[in-house]
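Chemist: Given the coordinates of chain A, assemble chains B and C onto it according to the supplied hints.
Those protein sequence lines, which keep their order, are chains A, B and C. So in the numbering used here, spot 193 of the first sequence is number 193, and the numbers just go up one at a time. So in the numbering used here, spot 299 of the second sequence is number 299, and the numbers just go up one at a time. So in the numbering used here, spot 118 of the third sequence is number 118, and the numbers just go up one at a time.
Worth flagging that the hints you see were computed from the coordinates, not collected in a lab. Being a predicted model, the structure only gives us computed values, none of them experimental. Some hints could be false.
[What the hints assert, rightly or not] Derived coverage of chain B by chain C (criterion: at least 3 residues anywhere in the stretch with Cβ under 8 Å from a Cβ of chain C; other residues may be distant):
id, stretch
1, 60–68
2, 97–109
[As the list claims (entries may be wrong)] With a Cα cut of at most 20 Å, we get these calculated EDC-like pairs of lysine to aspartate or glutamate:
id, chain 1, residue 1, chain 2, residue 2
3, B, Lys359, A, Glu45
4, B, Lys303, A, Glu189
5, A, Lys64, B, Asp122
6, C, Lys66, B, Asp122
7, B, Lys115, B, Asp97
[Said to hold, decoys possible] In silico contact screen, one side only, chain A against chain B (beta carbon under 10 Å); selected entries:
id, residue
8, Gln39
9, Glu189
10, Lys199
11, Ala200
12, Ser201
13, Thr202
14, Trp206
15, Ser260
No residue lacks a Cβ here, since even glycine has one placed at the ideal position from N, Cα and C.
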Amino acid sequence: MKHKTFFWFFLPTALAMFLFIALPLTSIVSQSLHTPHDQVLVVVESCDPFGCKSETTIDHEASKQIKEEEPKGKWVGFQIYTDRNHLAFKEVGELWENKTNFFDFVSSLNNLPFYKAMGFTLTYVIVVTPLVILFGLIIALAVNSLHRHLKGLMVFFSLLPMIVTPLVGSLILFWMIDSRGIIGSGLQELFADPNLSLKASTGLTWITLIVYGVWHSAPFAFIVFYAGLQTVPQETIEAAMIDGATRFQQTIHVIVPHLSPLVAFVALIQLMDNFRVFEPIVGFSASAHATSLSWIIWNDIGQEIRLMSSAATTSVLTIIGVIILLMPVLIRTWREFNPEK
Amino acid sequence: MFLRKIATVVALTTLASSAWAGCGISEGRVSIVGNEFPAIQTIGAGAMECAGDGVTVETNLTADHQKINLPGMTGNPAEFTSAIVANSSIVALMNNDVIRPLNDLVEKHGQGLQKSQLVTIDGNIMGIAFMANAQHLTYRSDVLKDLGIAVPSTYEEMLAAAKKIANYNLMQYPLGGAYAAGWNLAEEFVNMYIGHGGEFFKPGTAEIAVNNQHGIDALNMMKALSEYMNPDFLTHDSNATSAEWKAGNVALMNMWGSRIGALRGDEVDAAVVAATATAGPMTVGGGTTAASTLWWDGFTIAKNISDADAEATFIALMHAIRPEMLNETTSPQAVWLIDGYVPTPAAAGVFAAAAMGTKPYPMLPYAGLMHSAAGVEIVDFMQGKETAEQALAGLEAAYTTAATEKGYL
Amino acid sequence: MTSNQIKRPLGLQLLIYGFVLFWFILAAFPFIWTMWGSFKVELDFFSKGDWTNVFSGVRTQVVYGKSFTGAGYEGAWIQEEFWRAFLNTAIVCVSTVVISLTLATLGGYALSRSGFRYSFWLLIIALVFRALPPITLVSGYLQPFYDWNVWGTLPTTIIVLVAINQPFTLWMLHSFFQTIPKELDESAKVDGCTQFQAFRHVIIPVMWPGVITAGLFSFLLAYNDFAVTALLLSQENQTMVPKIASFMGTTQTEGNIMFAVAAVVSSIIPLFILVMFFQRQLVSGLTAGAVKG
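With the rest of the complex left out, here is chain A (with noise of 0.2 Å):
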């Protein structure tokens, strides 16, 4: 294709994510750099319904020429990438120069709230993505030889997982696993301990957010494997089956190799998806025991005082910290994309 022609076909969708994500995303840049200004406290008498005392507050017209100046904030360059609250470097330099061990230094970055987050984010991901593939996949091979009339209804059921909004499915499941309700109390008898509780403990909590991680994604792997089923060569499997190869055999040596494209697209969306895990710790108020960087974010923002400025540099390390897990499965794409070098 000419250049000319794919900059015609290419202007319109350049120009949704140009003005929508890209712009954002240099603002973003910019705004995880600066801070705002230095304030001007000052002491005066404040009065509510309850009564009068003096207060601290924020004298305005003291810093209004340099706010007017530079709207922007005060240029601070990487210092918040690099305060306690992200990055860290010099609590995690004490941290080392004190450890008695590695172990123990490992477990004390548990107290800085960026390495907190990395650590339940990346068990999460890796834990949840291939459980993700596997069972889309056997579910995928399950649905697929039914009976045709079954498989729409089958199709339809097995979405539901990803189509009731998180905000309520979360909800609903939260109290179905309390320690009173049907799936908590099940447990209890499963397991003959009336004192079970999914929610107490922070490594039954981690395994409650990866059961929900899996069952809420596998319905997307499967839809895109089900589809992918429907046009492996039937040449190939009969020359399989010729060659004497077991029905498992020609899954493992037929089936999953035709696959293997679509499991590079679903490990990809699963893996982005994944890293930026966030519906369930909120829907299930778990942050006591699991967050991640996008819950940081979300923290930051949603509060009375909100934190542009970090919120800004979490969004900016979430991305790099996507592209550093995405690399194995780009420079495939990549190979594929250059077959000849």
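Modeler: Showing chains B and C alone in chain A's frame:
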């Protein structure tokens, strides 16, 4: 007779031609942003009554109001002419200098207001409060009576009562509390720390000072209380805590006055409803200050709008909080600060809190930063993974980083 | 399907049906539970005392004198006028899908037909764009949208949803177009068509299955979106998800959780119809599309 009729017609024509709606606004734009609970819905609906010829009134009442109000008032002209806020959230608007002093408007149109409704900073009226809220003790009168326990007035007594109830196997986890990690847990810490007589900051500065004996005592008391709570307490916000109460699982809790009405709802077991009783907030550690905070909700007017719009907005909101708006439906919705409000039974706890001289939630520019840092940092202590000193040191470090970023330090 | 024609041993057959049943319960049980519970009062459905209350409906009987009540539905649809949110969602979803597909079809087609290296990098950039957490993006939009006076309207939200979903749709359609043989449009061009004419006369007729697949995903994204719709829509333009969120209450106030539950159950029904209607295309589309990756 004839003359009087003519006079009426003339009066009507004048009214119609100058298009004065019922509230006496001739023109202007009113756009209100605020939270979405029933009392504020009532205020929004009241302001809407002023819509008419030349006057547009819009409301955006949503739980996400804090995310949209500041950007919506920063532009010029501002999208929202008024934001309904509480004492914790007015600070974000004042910090960014987007709301205007109301002194002239109060003088002109604020005759119905009581002096206590005015929120004044350095002589400037920045907001008009119309309702109050506080956390206070809620108890099961039947359980306490059965075991011969007096209604606790201190947290130590509450702890003793919980121990007794648990020992008699009446309830497995007799205490309730909104201890969900995040805002709720931090709010309980704020209450407890104030109850112990602590000050959060070095006076006149934004330097935090919670890593002290008051802080340690406050945390230890919270930990002791949590031993008698459902083990999931770190996930229990006030919704979940109320649900525990309604199910009859808890006998004592510190709960928001605004939620007491719903605890006596139709669906709840009659025995629980009959025994749900309230008292004022408790004290702690031998102190005299209640371990609770007082809250108000009120309205503010944007700075970056025309004076005409500001006036229209003020009049419309004054219309919404006029004493005549109080009736059988609206009175139980909140503890109104409006003249002529007769407290409903559900309001007793909040009134007791005010009568005790409970401190209001600190209206400091950086209090919110401390609050959010606390919600994250004391979680590990509550789970027994850290000592109180470590948690408080973490809280101070997290706050200091955030406050540095915002330019307070 | 051929795999059905080959006879399976009984054991495998049982294993497959057993697994499908297991997955069916796993996937559908919470929803069926919710549907059942939506006819109860909150204290029964969300019982902290005893979960069997959901079946017996003890509290529901106390309040309404029978074990089932439509109060949640009545409250949501009549009292809270949930139908408005329903209409808004319909407008947002249909527009988002149409615009999103138009843009991504052209773009994805161009990417699949351009052998130049920049098209790879454009794909990668699109991927990086997708990595940005939506909440950061949205809070960045607020200020300019207020300044331009476009905040709160449906068109603004639609454009933002289109833009945010563009990377995903683009990737999907790109891989779909790669599976349509290049020779098709090349030969049309030899016959004297321009690239656009070749696209119009040769590609458009064969692309529908893939486009419908991508469309269903865009639809689901727009349908379930909370971050964008909650912050960018004014109250009268609210779509279903933020409306549902407004039923849930806040720290200091009780919500109408049963309204939310009833609303969620009723919001699934259009999706059921949609999936049943499009499921054949969904499958055949991906078949043609994503196989080559």
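Chemist: If a hint holds in the structure, say so; if it does not, say that too.
Modeler: Quick rundown of the hints versus the structure:
Given as covered by chain C, the stretch 60–68 of chain B passes the check, having 7 residues with a CB less than 8 Å from a CB of that chain where 3 are the minimum. Under the rule that three or more residues need a Cβ within less than 8 Å of chain C, the assignment of the stretch 97–109 of chain B is violated, with 0 such residues. Note on Lys359 (chain B) and Glu45 (chain A): the hinted pairing holds, with a Cα-Cα distance of about 16 Å set against a maximum of 20 Å. Of the supplied pair hints, the one linking Lys303 (chain B) and Glu189 (chain A) is violated, its CA atoms being roughly 61 Å apart against a limit of 20 Å.
In summary, the hint linking Lys64 (chain A) to Asp122 (chain B) is supported, as the alpha carbons are separated by about 18 Å, within the 20 Å threshold. The suggested pairing of Lys66 (chain C) with Asp122 (chain B) is violated, with an alpha-carbon distance near 60 Å, which exceeds 20 Å. Of the pairs offered as hints, the one joining Lys115 (chain B) and Asp97 (chain B) is violated, with about 24 Å between alpha carbons and a cut-off of 20 Å exceeded. Taking 10 Å as the C-beta cut-off, the interface hint given for Gln39 (chain A) holds, the closest approach to chain B being about 5 Å.
The beta carbon of Glu189 (chain A) comes no nearer than 18 Å to any beta carbon in chain B, farther than 10 Å, and the hint placing it at the interface is violated. A cut of 10 Å between beta carbons decides the hint on Lys199 (chain A): the least distance to chain B is about 4 Å, and the hint holds. The beta carbon of Ala200 (chain A) comes within 4 Å of a beta carbon in chain B, closer than 10 Å, and the hint placing it at the interface holds. Interface hint at Ser201 (chain A): satisfied, since its Cβ lies 8 Å from the closest Cβ of chain B, which is below the 10 Å cut-off.
For Thr202 (chain A), the interface hint holds, the least distance from its beta-carbon to any beta-carbon of chain B being 7 Å, beneath 10 Å. Violation of the interface hint for Trp206 (chain A) is found here, the shortest Cβ-Cβ separation to chain B being roughly 14 Å, above the 10 Å cut-off. At its closest, the beta carbon of Ser260 (chain A) sits 41 Å from a beta carbon of chain B; the interface hint therefore is violated under the 10 Å criterion.
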